[in-house]
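S.K.: One line per chain: the protein sequences are L and Z, in this order.
Plus 4 on top of the position in the first sequence (first one is 1) and you've got my numbering.
Plus 4 on top of the position in the second sequence (first one is 1) and you've got my numbering.
Simulated from the structure, these hints should not be mistaken for lab results.
Be careful, since some hints might not be right.
If several chains are the same, the list does not tell them apart, and a pair holds so long as it fits within one copy or across any two.
To be verified - List of simulated lysine-lysine pairs, PhoX-like, C-alpha gap at most 20 Å:
#, residue 1, residue 2
1, K214, K151
2, K200, K126
3, K230, K148
4, K6, K126
5, K151, K18
6, K215, K200
7, K151, K229
For clarity, every value in this text was computed on a predicted model and none was experimentally measured.
2 protein chains.
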Amino acid sequence: MKAIMNHRSIRKYKSTPIEESLLNEILLAGTRASTTGNMQVYSIVVTTDQQIKEQLAPCHFNQPMVKQAPVVLTFCADFNRFNKWCTLRNAEPGYDNFLSFFTASIDALLVAQNVCIAAEDKGLGICYLGTTTYTANKIINILKLPKGVVPVTTVILGHPDEHPELTDRLPLAGIVHREVYQDYSDGDIDRIYAAKEALPLTQKLIEENKKETLAQIFTDNRYTKKDNVAFSKVLLEVLEQQGFMNNE
Amino acid sequence: MKAIMNHRSIRKYKSTPIEESLLNEILLAGTRASTTGNMQVYSIVVTTDQQIKEQLAPCHFNQPMVKQAPVVLTFCADFNRFNKWCTLRNAEPGYDNFLSFFTASIDALLVAQNVCIAAEDKGLGICYLGTTTYTANKIINILKLPKGVVPVTTVILGHPDEHPELTDRLPLAGIVHREVYQDYSDGDIDRIYAAKEALPLTQKLIEENKKETLAQIFTDNRYTKKDNVAFSKVLLEVLEQQGFMNNE
Numbered sequence: 005m006k007a008i009m010n011h012r013s014i015r016k017y018k019s020t021p022i023e024e025s026l027l028n029e030i031l032l033a034g035t036r037a038s039t040t041g042n043m044q045v046y047s048i049v050v051t052t053d054q055q056i057k058e059q060l061a062p063c064h065f066n067q068p069m070v071k072q073a074p075v076v077l078t079f080c081a082d083f084n085r086f087n088k089w090c091t092l093r094n095a096e097p098g099y100d101n102f103l104s105f106f107t108a109s110i111d112a113l114l115v116a117q118n119v120c121i122a123a124e125d126k127g128l129g130i131c132y133l134g135t136t137t138y139t140a141n142k143i144i145n146i147l148k149l150p151k152g153v154v155p156v157t158t159v160i161l162g163h164p165d166e167h168p169e170l171t172d173r174l175p176l177a178g179i180v181h182r183e184v185y186q187d188y189s190d191g192d193i194d195r196i197y198a199a200k201e202a203l204p205l206t207q208k209l210i211e212e213n214k215k216e217t218l219a220q221i222f223t224d225n226r227y228t229k230k231d232n233v234a235f236s237k238v239l240l241e242v243l244e245q246q247g248f249m250n251n252e
Numbered sequence: 005m006k007a008i009m010n011h012r013s014i015r016k017y018k019s020t021p022i023e024e025s026l027l028n029e030i031l032l033a034g035t036r037a038s039t040t041g042n043m044q045v046y047s048i049v050v051t052t053d054q055q056i057k058e059q060l061a062p063c064h065f066n067q068p069m070v071k072q073a074p075v076v077l078t079f080c081a082d083f084n085r086f087n088k089w090c091t092l093r094n095a096e097p098g099y100d101n102f103l104s105f106f107t108a109s110i111d112a113l114l115v116a117q118n119v120c121i122a123a124e125d126k127g128l129g130i131c132y133l134g135t136t137t138y139t140a141n142k143i144i145n146i147l148k149l150p151k152g153v154v155p156v157t158t159v160i161l162g163h164p165d166e167h168p169e170l171t172d173r174l175p176l177a178g179i180v181h182r183e184v185y186q187d188y189s190d191g192d193i194d195r196i197y198a199a200k201e202a203l204p205l206t207q208k209l210i211e212e213n214k215k216e217t218l219a220q221i222f223t224d225n226r227y228t229k230k231d232n233v234a235f236s237k238v239l240l241e242v243l244e245q246q247g248f249m250n251n252e
């Protein structure tokens, strides 16, 4: 609980490597996560080699921590291992479809979060990289992911070299719905975002970016429609190429 | 760490309700999870009403715990709130595409796992329901989820009324790849699945199901191609209907 409540994303790391036994303990904690039908349809690629990290860096928009931190973990939806097992055991796998991709993604993401909490509990720092799905095609090549395997998220792992403040969150009442979904009125939205919009950081960002509102920084700069559409195409092509779009 | 290593899915619950303050503490722990660009593009629907739980039960293949446990949590990928905020703040949201759905799903799943670990840390029991994506269309109707919102997983929450053994897992070496993906030889697959196949439970299942191998129980009974294809269609239609497939 303490590890959960104290989570902050770490973007500056010491170069100190992570001991093998500690890394294994953390990864093992990952595998205790719930998994669909106990199929464990995921894999974790542990990259510590500097050359491979340098190849991965552009996939993550050259964020310095990719090269700086000792460990890069790429969490993959993986039906390849399960399919091979089925075929060797005289069973015909039917996992080349979108539902199976999503099932395997859920598996991989629950494992990733277990790994992160276990790592933080051990005093390590972590940072998720949302760029993984944007450049999945390139990551597949670098990490030699075969058919049936798709990278869904990346976690940077290492000894923290900074101690940032906790990040703000929307009030719980803005996130939680009782019994069924209670759709938001304009007044609800104003209330939910009021504290966030009043932060000094928000004012600073608006000035720096020469925008009228914080929302515009998201739509115009950080997460634009143009990028989202381009990345959607990449991801859908990756699903096709990795054998997850046979939906007939 | 202890909560993570002691996780077991609980399928029998006491009828004792969960105190409001405890539930809020657990949900708050959920919101400390990493979230893409701190957008928090997820919602949690907390269902305790017996009538609504009874409506949800068939969506989860009538597993008794849905009606029996005090709380059903439906975790949703949710761009509705964020889109409304953008529109109210003179910003044009571009989140009606597949990438945005997947981004929001990642957010929702990391929150779900935080909630589960926090709950288990507090002595409660949890069980994930993978059925959520199979019947997302029906859950959307029951929980009145608007456009921009898709249920991605469900967690049952309550006081455990059983204490099952830890479930087996594949050896860590079968899940983790060093530097890049090391594809599996037939011998690798044999080694990775050897312990699982040797379990007394496996032998029992094979006899009960009159199959030759454990893998056939998965392909022929539990997760069939026919079901996966049908559920893939449901999920892709849901993405279309909820406004996440404008990829041009």
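S.K.: None of the hints should be skipped; say for each whether it holds.
M.R.: We went through each hint and held it up to the structure:
Taking identical chains as interchangeable, the C-alpha atoms of K214 and K151 are never at most 20 Å apart, the minima being 45 Å within one chain and 31 Å between chains. When the C-alpha separation of K200 and K126 is checked against a cutoff of 20 Å, the pair qualifies neither within a copy, at 31 Å, nor between copies, at 30 Å. Within a single copy, K230 and K148 get their C-alpha atoms no closer than 29 Å, and across copies no closer than 30 Å, so neither meets the 20 Å cut-off. In this assembly of identical chains, the alpha carbons of K6 and K126 lie at most 20 Å apart whether taken from the same copy (11 Å) or from different copies (12 Å).
For a Cα distance limit of 20 Å, the shortest separation of K151 from K18 qualifies neither inside one copy, at 36 Å, nor across copies, at 44 Å. Taking the closest pair of Cα atoms, K215 and K200 come within 20 Å of each other only inside a single copy of the chain (16 Å); across copies the shortest separation is 57 Å, beyond that limit. Proximity of K151 to K229 under the C-alpha cut-off of 20 Å is restricted to the inter-copy arrangement: shortest distance 18 Å between copies versus 29 Å within a copy.
When held up to the earlier numbered hints, the structure conflicts with 1, 2, 3, 5 and fits the remainder.
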